[in-house]
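Chemist: Here are the chains, one letter per residue:
2 protein chains.
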Amino acid sequence: MQRNNQLASLEQKLNYKFLNTSLLDNALTHRSHSGPNNERLEFLGDSILNFIVAEMLFSHFPLAPEGDLSRLRAALVRGETLAEIAREFALGDYLNLGEGELKSGGFRRASILADALEAVIGAIYLDAGMDACKACVRRWMQNRISDLSLATGEKDAKSQLQEWLQARKKPLPIYAVADTQGDLHDQLFTVSCSVSLINEITTATAPNRKSAEKEAAQLMLQKLEKTYG
Amino acid sequence: MQRNNQLASLEQKLNYKFLNTSLLDNALTHRSHSGPNNERLEFLGDSILNFIVAEMLFSHFPLAPEGDLSRLRAALVRGETLAEIAREFALGDYLNLGEGELKSGGFRRASILADALEAVIGAIYLDAGMDACKACVRRWMQNRISDLSLATGEKDAKSQLQEWLQARKKPLPIYAVADTQGDLHDQLFTVSCSVSLINEITTATAPNRKSAEKEAAQLMLQKLEKTYG
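Chains as they are written, first to last, in the working numbering: chain A, 114 to 342; chain B, 114 to 342.
If you are wondering where the hints come from, they were derived from the structure by calculation, not from laboratory data.
Check before you lean on any hint, since a few could be wrong.
Just so you know, same-sequence chains aren't split out, so a pair can sit in one copy or run between any two.
As a list, the in silico DSS-like pairs of lysine-lysine whose alpha-carbon atoms are at most 27 Å apart [stated by the list, open to error]:
1) Lys339 - Lys271
2) Lys339 - Lys247
3) Lys126 - Lys339
4) Lys339 - Lys130
5) Lys336 - Lys247
6) Lys247 - Lys216
Quick caveat: nothing in here was measured; it's all calculated off a predicted structure.
With these hints in hand, go ahead and build the complete structure from the sequences.
Modeler: Here you go:
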C-alpha cells in the first residue's frame with residue numbers, strides 16, 4: 114500500500130499515469146534488489162529514447178548535417194544528462210535497491226539513475242505505446258534542445274529557410290502580416306510565410322513581427338523537410 | 114521518367130509503395146552525388162532500426178538478460194548484415210553516386226549499402242510513420258532472428274515459460290488439447306495454455322501437439338512479458 118502511494122507520487126512528477134503500475138515498479142528495480150530487475154526495460158527504453166531524440170533533432174534542425182545531429186544527440190542522451198532529468202523527479206527516492214547499494218548511496222549514483230530513467234521509458238512504451246513515450250521525452254528534453262540551439266550558434270529559422278531555398282535555386286520566401294491584435298503597446302502579430310515550392314502557407318503569432326516570422330519560417334522548414342527529406 | 118520506373122521497381126522489391134517518391138530518391142543519394150544526400154535520413158533511420166530490432170528481440174526472447182539482447186542486436190544491425198539485406202534488393206543498382214564512387218564500384222561497398230538501407234528506413238518513416246517501418250524491418254529481419262534463436266541454443270518457449278513461473282514461485286502452466294482436425298495421418302492440433310497468474314488463455318494450432326504447445330507457450334510468455342515487464 115505504502116509502495117502504491119509512492120508510485121502514485123512518482124507518476125504525478127512524471128506526468129504519466131500507468132495502466133499497469135507493476136511495470137513502473139519493475140523499471141525502478143535495480144539488479145542489486147531481489148526479483149526481476151530493470152535491465153531488460155532499460156535495453157528497450159534506451160533504444161526508444163535514442164529514436165525520439167533523433168527525431169526531435171531531425172525536425173528541430175532541418176539543415177544540420179548528420180555529424181552535428183549525432184553530436185547533439187550524444188550530448189542529450191549521455192548518462193549525466195539523463196541523471197539530471199532523473200533528479201528532477203527525485204527518481205532515486207523511488208528505487209528498489211539491494212542492501213549494499215542502499216548503504217553506499219546507490220540512489221545518488223548517476224549511472225543507476227540514468228539506467229532507471231531509460232527503464233521508465235521502456236515501461237511507458239509497454240504500458241501505452243510510442244506516443245505516450247514521445248509526450249514524456251519531449252517534455253523532458255524540449256528546453257535542453259532549445260538551449261542547444263543557442264549554445265551551438267545554430268542559425269535562426271529565417272536564415273535556414275533562405276539557405277535551404279537558395280541551395281535549390283528557388284525564389285526566397287515571402288512573409289506577410291496576416292493579422293494584428295491588441296493595443297499598440299501590447300500587440301500580437303500573426304505572420305504568414307509562403308514559398309513557391311509548395312502550395313501551402315504557414316502562420317505563427319508572437320508579440321513582435323520578427324519572432325512571428327521566425328516561427329513561421331521554422332514551421333515551413335519542417336513542412337519542406339517532411340516533403341523533401 | 115526512367116528514374117521513376119527504376120524507383121517503382123525498387124518499391125516492388127521493398128514491398129513498400131511511397132506516397133512521396135522523392136523521399137526514396139533522397140535516401141538513395143550518396144554524399145558523393147550532387148544535391149541533398151542521404152546522411153540525415155540515415156541518422157534517423159539508424160535510430161528507428163535500432164529501436165525496432167530491440168523491440169523484436171525483447172519480445173522474441175522474453176527471458177534473455179539484457180547482455181544477450183544487446184549482443185544479438187549488435188549482430189543484427191551491424192553493417193555487414195544490413196549490406197546483406199540491401200543486396201537482396203539489389204539496392205546498389207538504384208543508388209545515386211558521384212562519378213568517382215561509380216568508377217570505383219561504390220555500389221558494391223558494404224558501408225554505402227548499409228547506410229542507404231538505413232536511409233530508406235528513415236524515408237519510410239517520414240513517408241508513413243512507424244508502423245510501416247516495423248512491417249518492413251520485421252520482414253527483413255524475421256528469419257535472421259529465428260536463426261539466432263537456434264544458433265544461440267535459446268531454450269524453447271515451454272522451458273522458458275516454466276522457468277519464468279518457477280522464478281516467481283507460481284504454479285506450472287496447464288496445456289490442453291482444445292481441438293483436433295483432419296484425418297489421423299494429417300491432423301491439426303489446437304492446444305491451449307493457461308497459467309494461474311492471469312485470467313487469459315492462449316491457443317495455437319500445429320501439425321503436432323508439441324509444436325502447438327510451444328507456440329501457445331510463446332504467446333503466453335509474450336502476454337506475461339507485456340503485463341509484468
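Chemist: Confirm or reject each hint.
Modeler: Here's how the hints hold up against the structure:
no.	hint	result
1	Lys339 - Lys271	within (17 Å within a copy, 46 Å between copies)
2	Lys339 - Lys247	both (18 Å within a copy, 19 Å between copies)
3	Lys126 - Lys339	between (33 Å within a copy, 24 Å between copies)
4	Lys339 - Lys130	between (32 Å within a copy, 17 Å between copies)
5	Lys336 - Lys247	both (20 Å within a copy, 24 Å between copies)
6	Lys247 - Lys216	neither (35 Å within a copy, 44 Å between copies)
Taken one by one, the earlier hints fail for this structure only at number 6.
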